[in-house]
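Trainee: Listed here are the chains, written in short residue letters.
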Amino acid sequence: MTARAVEVDVVVVGGGATGAGVLRDLAMRGLSALLVERGDFASGTSGRYHGLLHSGARYIESDPISARHCAEENAVLRRIAPATVEPTGGYFVATPDDPDDYLERFPARCAEAGIEAEPVPLDELFRAEPLLNREIRAAYRVPDASLEPWELVDANLASAREHGAQAWRYHPLTAVERGSDGAVVGVRVRDARTGEEKAVACRALVSAAGAWAGQVAALAGAELAMSPGKGSMLIMNRRMTASVVNRLAPPGDGDIIVPVHTVCILGTTDVTVPDPDDVHVTDDEIHALLADGDRLVPGLSGARVLRAYAGARPLYDASAMSDGGHEESREISRAHHVIDHGRRDGIGGFWSIVGGKLTTYRLMARDTADAVAAALGVDAPCRTAEEELPGPAHGDVYWLGDRLAAIEQRGGGDADLVCECEIVTRARLDAALDQRGDSSLDDVRRTTRLGMGPCQGAFCTPRAAAVLDERAADGRLAPQAPSPNAAMRGFLAERFRGTRPIAWGEQLTELWLSAGIFRGLLAVDELPESAEPAATGGEGTHAAS
Amino acid sequence: MTFRDAATRDFAPFSTDQCIKCTVCTTVCPVSRVTDAFPGPKYVGPQAQRFRGPTVIEASPDVTVDWCSGCGYCTRSCPTGVRIAETNSRARAAMVAQRGSGLRNRLISDTDLLIRLGVPVAPLANFGLRNRLLRWIGEKLVGVHRRGPLAPFARRTFRSWWKKQGRPLDLPAGADPQRTVIYFHGCAVNGFEPELGRQAVEVLERNGFTVISPDQGCCGLPFISNGLYDHARRKARRNLESFAELARAGVRIVGTSTSCTYAMKAEYHEMLDLDDEDARAVARATWDICELLVDLHDRGELDTSFGPMHEAVPYHPPCQLKSHGIGTPAMDLFSLIPGFRATDSDHDCCGAAGTYGLKAEKWQIAQDVGAPLFAKVRAAAADGSTRAVCDSETCRWQIEQSSGVDTVHPITVLADAYRRGDDAAREPWRRVV
Amino acid sequence: MPRADVVVIGAGLAGLSCAAELAERGARVLLAAKGMATTHWTHGALDVAGVSGAATSRAGIEALRADGEHPYARLAGDVEPAVAAHLERTAAQGLPHTGDLDAPLRPVPTAIGTLRPAAIVPSAQAAAVAPWNGDGLLLVGFSHYRDAWAPWAARNLRRATWPEGPREIRGITVDLPWLERLHNLNATVLARLFDDPVWRQRTLGAIARAVPSGTWRIGLPAALGLERHAEVHAEAEATLGHRCFEVSSLPPSVPGMRLFEALRRRIIGAGGRIHLGFEVVEVERDARRVHAVHTHAGARTLRLLGDTFVLATGGIGGTGFRGRRDGTVEERIFGLHVTAPPHAAWFSDDPLQPHPLEAAGVRTDDALRPPELENVRVIGSALAGMHYLSERCGDGVALASAHRVANELAAPARAAA
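Quick note, the sequences are listed as chains H, Z and F, same order. For what it's worth, this note's numbering labels the leading residue of the first sequence as 1, then goes sequentially. For what it's worth, this note's numbering labels the leading residue of the second sequence as 1, then goes sequentially. For what it's worth, this note's numbering labels the leading residue of the third sequence as 1, then goes sequentially.
Take the hints with a grain of salt, since some may be wrong.
[To be verified] Looking from chain Z toward chain H, a few residues come up when the C-beta cut is under 10 Å (computed):
#, residue
1, D17
2, T23
3, R52
4, P79
5, F127
6, R147
[To be verified] Here chain F is said to cover these stretches of chain Z; the calculated rule only asks that three of the stretch's residues, wherever they fall, bring their Cβ under 8 Å from a Cβ of chain F:
#, stretch
7, 170–182
8, 281–293
9, 320–330
[Unchecked claim] Chain F is nowhere near these chain H residues, computed Cβ spacing over 12 Å in every case:
#, residue
10, D283
11, S301
12, R410
13, R426
14, A493
Derived by calculation from the structure, the hints in this document are not laboratory data. The beta-carbon is built from N, C-alpha and C at its ideal position, and this holds for glycine as well.
Bound-form chain H, shown alone (with noise of 0.2 Å):
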């Protein structure tokens, strides 16, 4: 494979949040950067997370650092991402199995962290979340929010875009080079979908690969003991709440409800696992999240199930007790670590950015950026706070009835819907690949929601490859993107991937719908790899003339 050079001052390890968010401000300080991702961006922890945007309340006791971050973070957000933002706020609420003291001492903590947090009486909270329980025994209201992943990620980069940086995705990082000194001089990465190896060059060398950072250090000769902490999570096939709403205790399994768009998610497990890719989510941590999840919404566990699915929390073990003594990862700082590589293990150049959550983004990539800018002689300040991102293309996502309005001003209607669960217009969808000609279906639906309704793809997963297979007769497909059938295959099987833990009831019934559509129906199982490439001629769109 021939070597292609590329130069950059900075080479950004990681497509998360915390990616980005280096890469944005490396580039508004005027470094030239580079990202590169070794699969979709925000396809690791960050779009595996619950998808809330945290007020800090949740850890006010087990990590008032965090807790104080996350306060200031809040507000940062909502003033610079405001079409990320679904201002849902939120409840901390002390069912009868909450301890009292725990209680008792939340709202001086909060306090103490900067958190607004202001009883709520009991009959306002049920008038506004009807299906709580009735047993709850006080509540509080603080600024938890939901946060879009997919879109903060995005805006970042188009951020970090338009100050001249690059970002690849797919691009997974094989080599780290050094010069004589220790120092990162380059690295070298493979396109995973053409196999083509390129070399860039570089002066400095970031690492925001979370939870897989242990993995990028070792590439680069240094070891860093990470413990990814596994966090499942369930996606309900409904709001169950209007607001994000939290125990009132210390962190637990089930302990949380996030309205998402469409959905909510219950989250969330804490189980250390030693590998980042290990994402599996076990019948007991089902089991768990469900029964605590009653707790909170009585019935709960008898209402339909989506998906689930775990993310790696990019947990470092600060203290540095690489003895492997933690099995509950909650005791581990979320806090966010910088480490310089160069002081630490004589590789200069090279840090590391661990821990933090995905709400401190922002303030982890600024102490990174202050970092590698100091010792690269650039004096610019981080003005990430405040220059607001770039909006989405289409508009305020943030609004649970947003694409339903939008459908409804035009009269509403299926006809043009690729995916009907969740609204996807076939304009959207061609928005979307208009933006990434090289996507597969499950990167075009971390944009679009594509395929993340009720029925999983049953319906839009050949709506879509069609218009993939139109668009590749067309030209209009990057060559480096799966073929449609490629992108069917490989969209059924993950969506296939998150049901099957849950595939009890309703949501076992629609898989049955769906073996009958692609089986019985289509019989997907005989697809070739690839369709026959586009002719010549005598086949596209007739006129009707």
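Chain H is fixed; fit chains Z and F onto it per the hints.
Mentor: Here is chains Z and F on its own, set in the frame of chain H:
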């Protein structure tokens, strides 16, 4: 309110959790069959519901749900039990609560008021209803279609007849509650078809019931259909207050309108959230009159001395009757009348759907929905039938106006058959033809 | 509600054909169903035994019955009369089919351009199973209609192994600007548009202008009319000058709607009763017998009395069974025991491979009686032991089991009458 109720009928929008997106409902919707304006039950129902609130619909993005006529075919065809039409009704109510309702919908829903205004001046009012110019003006000013099926006002209300006759308003001393029924005449009988009420009372009394008719008003259904739930609740309350105690004592409530009875049986609870003791007692005690007579027959207690009626009629079971989930009791009763042949219209909906077919913007849709039915009724008339039969008043008026064929309630047929039977008993030598 | 000889629960192919046969044979039958079901999701061909490798349905049945657990092990003899009766019944309702158990299973194209075997198909699909004899295949989709993907399907089919297949395969999308303004467009809507003679003429004219020269069989979206289907199909062939067949796509299935309607009409015409929206919420029974089922009816229930109750509610897909979180499978009406694999073994890893759970069902005796209740019969997909998707046997089992039961139950009913 909990999520355990998802599978129950307590809050229809929760049932959308059961939707597997299978599209069956889209194949049965009579409205989307004839117009592209209505996006169909799947779109406005379980799909749109995902974009409304979790429990209360606060910011309603809806527009097109208003084209739903509420016929309920979607609900009755759903393989997974989604209460689609009921969810749509809630969505419409949220839309109306948020954006208000025009004068027209308030006016045509308030049948109590219309009767109060219309009956005392019936000749004049009926002239107005027949006058094309006035109807044209009404369409332009109010939005009631000039050809919308409006029945002429009666010259006297059923209630005033009832009171004048000194008939009982309450359970008479010594009467057996089990053999006593409240006749719920509804607005149709009260203001437009009092003769049907008299026939119903005759048939009930003939079968040994003491018939009483306590204070009552509109059941509230027109308001429910127009998304005016608060108005509907006020109407419902009046009836519940009047009936609940009697219902608890074992008195049944019998109606000749399948729409009113279904409202009391199911919709007070399912749409209006009336779920107290009174509402439950009244719901359990409410019967469609044909349903009651078939139940009587099943127990061997129905007077079946029907005289022969050599007549063939088309019978149209209205949508609201189908929502009752009791089959077609009128057809079971007709089979007891010697010589009488009723043919099920085998057509889904007449289009009227209460007030839907009156509205200027929906009249044509209603006509198109019912067109095959009207054709069948006309064809039957061409074959010699002199009337059609249907249980629900607005459907009757729609069929009658659009087909030109007299359309009566099944009770009218039964009353005729009893009369024939009596005639034959009195004059056994005369053959009734 | 008058007492019935037989109460059939479920309105899929099994329930409908069982009720139709019972009514035809003089039994007082009531079909009660919560809603419509699987007919509306199918491709319209009759899947009797489209087992891969089998030359005919008969050979497929033989292969399947070798597994003693398969419903065909006891129903093999019922398939032929059941299929014959079904074809006669549907033909009489204006929905003729071609093929029989000895008709060769031939590959027919799907909407995405794969091949699946079929032998017995409605007339509107007959051109897809006839030997190609040098004809070309032209797949046609319409602009603005999202569920026909002709160019993609054609290019996939050109990669398929298709012995004795078409001379050449092409796929075109015909521009129909008059579809653009529509808010709603699924197969049902399209079929109703085709019912309209004016719309039809205009549309067929546009298609005709796009057909290249040569001899073709034209695959059109399975939406060639509902009420005037035969007329639409005939006019399509006349206008286009080629044989035409329907290619089924995503639900709603118009061929399935026609089938449902044909059987519904047949039941009513033969004196049976059919009620939708009748959800069974309660069963009145003693240890061995069911006396009545109650369906939801407003604030009360409706009592349906019968001598025998036929369970035709389907499996998991048809919603007759419910898979529970604890890994058990519940039969929803009578709580019959469902034989199912252990929870951990419900699924295969590949969503396109058969899942072991598909074979879950109720085990019965030869009269299709479950062990628990003597006056209950189980028909269709609720029966244990078949993988109806990979074996393509669901329709055959539905018809054969319905016939077995109707045959048994009609005799005494008629005698009593």
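Trainee: Looking back at the numbered hints, which does the structure fail to meet, lowest number first?
Mentor: 5, 6, 7, 10, 11, 12, 13 and 14
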